[in-house]
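**Q** Residues per chain are reported as follows:
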Amino acid sequence: MITLKEALKLSSKELEDLKANLASEIAKHPELNAYIDVNNVGSGVPIAVKDNIQVKDWSITSGSKILQGYIAPYNATVIEKMLKAGLSPFGRTNMDEFAMGSTTESSCYGKTLNPHNADCVPGGSSGGSAAAVAAGLAIAALGSDTGGSIRQPASFCGIVGMKPTYGRVSRYGLGAYASSLDQIGPMTQNVEDAAILYDIISGHDEKDSTSADMNDKVSDKLNPARKLRIATLPKYIEHASQDVKDAYSKAIEALKNAGHTIVEKELLDAKYDISAYYITATAEATTNLARYDGIRYGRRAECKDLKELFINSRSEGFGEEVKRRILLGNFVLSSGYYDAYYVKAQKVRHIIKDEYAKVFEDVDLILSPVAPTTANRFGSLSNPIEMYLSDIYTISVNLAGLPALSLPICKSAKGMPVGLQLIAKAYDEQTLFDGALSLEKEINYKG
Amino acid sequence: MFEVVIGLEVHVQLNTKTKLFCSCPTSFNHKQNTNTCPTCLALPGALPVFNKEVLHKAIMFGTAIDATVNKTSYFDRKSYFYPDSPSAYQITQLYTPVVEHGKLRIDFENGSHKIIRINRAHIEADAGKNIHEGDISKVDLNRAGTPLLEIVSEPDMRSAEEAVLYLKKLHAIVRYLDISDANMQEGSFRVDVNVSIRPKGDEKLYTRVEIKNINSFRFIQKAIELEVARQVEAWEDGTYKDEIVQETRLFDQTKQETRSMRGKEEAADYRYFPEPDLLKAVISDEMMALYSKIPELPDEKMERFIKEYGMSEYNASVITSSVEMAKYFEDMMDEGISAKNATTWLTVELQGRLKGDMNITNTHVDAKKLGLLVKRIEDGTISGKAAKEVLDKLVEENLDVDGVIDALGLKQVSDTGALEAICDEIINANQEKVAEYRGGKDKLFGFFVGQAMKASKGSANPQTINEILKAKLG
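Chains as they are written, first to last, in this note's numbering: chain A, 1 to 447; chain B, 448 to 921.
Bear in mind the hints are in silico, worked out from the structure with no lab data behind them. All figures in this text were calculated on a predicted structure; none of them were measured in a lab. For every residue, glycine included, the Cβ atom is placed at its ideal position computed from N, Cα and C. Worth double-checking, as some hints may not be accurate.
[As the list claims (entries may be wrong)] The following label-pair restraints were derived from C-beta to C-beta distances: (1) B:Asn809 / A:Gly336: 51 to 57 Å; (2) B:Asp513 / A:Val343: 28 to 34 Å; (3) A:Ile311 / B:Glu633: 30 to 36 Å; (4) A:Glu206 / B:Arg564: 35 to 41 Å; (5) A:Ile311 / B:Thr481: 28 to 34 Å; (6) A:Asp339 / B:Ala715: 17 to 23 Å; (7) A:Gly42 / B:Gln632: 48 to 54 Å; (8) B:Glu704 / A:His204: 56 to 62 Å; (9) A:Asp213 / B:His811: 52 to 58 Å; (10) A:Leu306 / B:Met448: 44 to 50 Å; (11) B:Lys478 / A:Val343: 40 to 46 Å; (12) B:Tyr542 / A:Glu320: 32 to 38 Å.
Go ahead and model the full structure; you've got the sequences and the hints to work with.
**A** Here is the structure:
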């Protein structure tokens, strides 16, 4: 597949042909189920869009039955920025319902397959976007990352996925999961494309109060020759599988070869991350999803009265995982439990932030696994807790609001891609991309 | 004997141009669901952006009630499902409100005062409106997201009268500051009353009952009296513990009773937590300096009127009780008339003539006209009695003061020449009485004045007649 950098040089005639070709290729592989449908806006370079990012006049449903029939009446800020930069929203990609999941299995549109092995999940929640790029069915895609939902599917599918610093990319028009953690980010074939797409979608937006008042760009000054101090986490990776550990060693060697300085560091036990994350995210989610009540839009269930309207619409409209998180969120906010859960989780969140800040006093980047394993087989995570635990390497980045980029390092013994992530300090995307580009060149991963 | 304990929560709709978290207009009476956008409809992905104008008005209010204005306040989500609440949570300020610890003085008719403490005033978003038509219910979200200031008093009031005095003073302050239309009928000044009773001397607070959304001062007074009576009766009957529960009751104005609105088994847990879509609301030093300069308030104006115009405390408090009245009065005073006359003609003569929906803001008789009318009495053009006739006419039709005086032929004769002739005639015709008067029978002076007025057919200026007669009779 042509890269984004190259595609941006195409004539409008060439782009038209490219889109026609793409559409027919997508139609030829329905079993992959990366796309929910394929629509196009404008005459620019086609970019696949996750089903929770609002595109005017498109059906946008966050992978949920409860939003069936809903047509978005406005564009997300990232879509406006893409259109202005000569990119076209092209196709809506599958995802875990309301971005709650790590496998894309909870979508109301059915599961998406991993292009590397049809028995394996593509990861999630941005599994459709990752699979589309990995299968050569998209030049690049937008995903959203609340606890790893860009980086983990990127790693499982062997592509590049980047989560910007919280506040870098406007959330206006992103169907909210957890407001203080969500970020939209690029999912691409390589690091440079990720930088290009990141530049296009980032920047201050007055429609998002949590948007940072910063507009600096990175792609025009990428410099892989910079020599950086990069932290490794020997203790942290003990929980990872051998495939991941091997990739980790390989990456360390590559970074050393490229002239970077490696220093060993430690972070807080990741079990605290899981608790703080699932309390914060579900508390926010339970309120963010309360608007789906069947009153104004979306799917309304049969009902006799108002109470039934609420209860039936939500009982029928939401899937199991979403209901589980709504219940959990309501529980942690309930009177009598608020201090014990929500308030404590915020304290832990501060500790996590401080821990990262301490590490970044000494280093430019941190090298970390993305997931403890390669893509798991469908149905292999037997209970929700197992799935939650598989997020251990990604969620602290969201809790601390940091930028991170997942890139493929190698393949496992079974031929599945293994990705690792680099993490930078807040707003230091430049160093993140410089380091990632350097590692990408040195590793020379071939999908 | 029982003591009544009352606390009040007032929702004041702020008169900002746009809504609290989006740029939709706040105007009333538009077609349903037209003043809406993705944010106030709570569409997927829409986000709130705080309207700083609201902060300006909160600073003004905090300054007016001598409160602490927090330079940093925070927003929280309050969760509940209701069709008129699009996001199913209200954005409000639970943990750190913008205004805290204020106070407000109420004035009794006997001249005594009392301070009522105000616990807090916080910013929050209004809901939409549900419209029920037979079997169907409709939702209008034009009002959704309109900014409210919820003003919460301490339970410092001890009677319905005190509650109403507090509300009237609060209403006046809000109007003086011009931060709200504060129209009770239209719902821009909504009152929830918390009422409990306790044996006199008891310090603890007993079960409080909330009465919601009563839309006039008169009904509030009535609702409190009825609720107090209900509670006292229950206490005396020994059924207090069973009958008086913490609940919300509605005031039924036709049946003249309060009745339960929802059972306590549905007591809500609002699951408050900090709003993650918004940053803290920060007041800069510049903003604080700018908006803490507020217009003269009722109490200050009252004191100034007493000092400047020598008004009685009662008259001054009547005149300053509403910003419209005070403004009307001050505009009248621009005509250079006496405060006493201005007060009487405004509060007795004009207001006595305004019927139905008419009031001093929509009558033909504006302050300039009424001021001029009073001036015409004071400069001797017309008598007070004649002025009443003129005012009758002015209330009916949009006419000018001097035109009506002329048309009705009410002008007094102050031409000294003509009046001197009349006086001379009277003196000549009553030589005996003149002698008696000069001999010391002072009372007879009135006789001469009466005769002269009669001779002039009432058109003479009595003041002038007085002066002429005094001079001639010696």
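**Q** Would you say the C-beta atoms of isoleucine 311 of chain A and glutamate 633 of chain B sit inside 30 to 36 Å of each other?
**A** holds, 34 Å
**Q** Okay, aspartate 339 of chain A versus alanine 715 of chain B on CB: inside 17 to 23 Å?
**A** holds, 19 Å
**Q** Is the distance from the Cβ of asparagine 809 of chain B to the Cβ of glycine 336 of chain A consistent with 51 to 57 Å?
**A** holds, 54 Å
**Q** How does the Cβ-Cβ distance of aspartate 513 of chain B and valine 343 of chain A compare with 28 to 34 Å: does it lie in that range?
**A** Taking Cβ atoms as reference, aspartate 513 of chain B and valine 343 of chain A lie about 33 Å apart, which means the hint holds.
**Q** Evaluate the given range 48 to 54 Å for the C-beta pair formed by glycine 42 of chain A and glutamine 632 of chain B.
**A** holds, 51 Å
**Q** Between leucine 306 of chain A and methionine 448 of chain B, does the beta-carbon spacing fit 44 to 50 Å?
**A** Given range 44 to 50 Å: holds, Cβ gap about 45 Å.
**Q** Is the distance from the Cβ of lysine 478 of chain B to the Cβ of valine 343 of chain A consistent with 40 to 46 Å?
**A** Taking Cβ atoms as reference, lysine 478 of chain B and valine 343 of chain A lie about 45 Å apart, which means the hint holds.
**Q** Taking the Cβ atom of isoleucine 311 of chain A and the Cβ atom of threonine 481 of chain B, is their distance within the range 28 to 34 Å?
**A** holds, 31 Å
**Q** Taking the Cβ atom of aspartate 213 of chain A and the Cβ atom of histidine 811 of chain B, is their distance within the range 52 to 58 Å?
**A** Holds: the Cβ-Cβ distance is about 55 Å, inside 52 to 58 Å.
**Q** Honestly, do tyrosine 542 of chain B and glutamate 320 of chain A meet the 32 to 38 Å range at C-beta?
**A** This hint holds: roughly 34 Å between Cβ atoms.
**Q** If you check the beta carbons of glutamate 704 of chain B and histidine 204 of chain A, does the distance land in 56 to 62 Å?
**A** Holds - the Cβ-Cβ distance for glutamate 704 of chain B and histidine 204 of chain A, about 57 Å, lies within 56 to 62 Å.
**Q** Holds or violated: 35 to 41 Å for the Cβ distance of glutamate 206 of chain A and arginine 564 of chain B?
**A** holds, 39 Å
No hint from the list above goes unmet by this structure.
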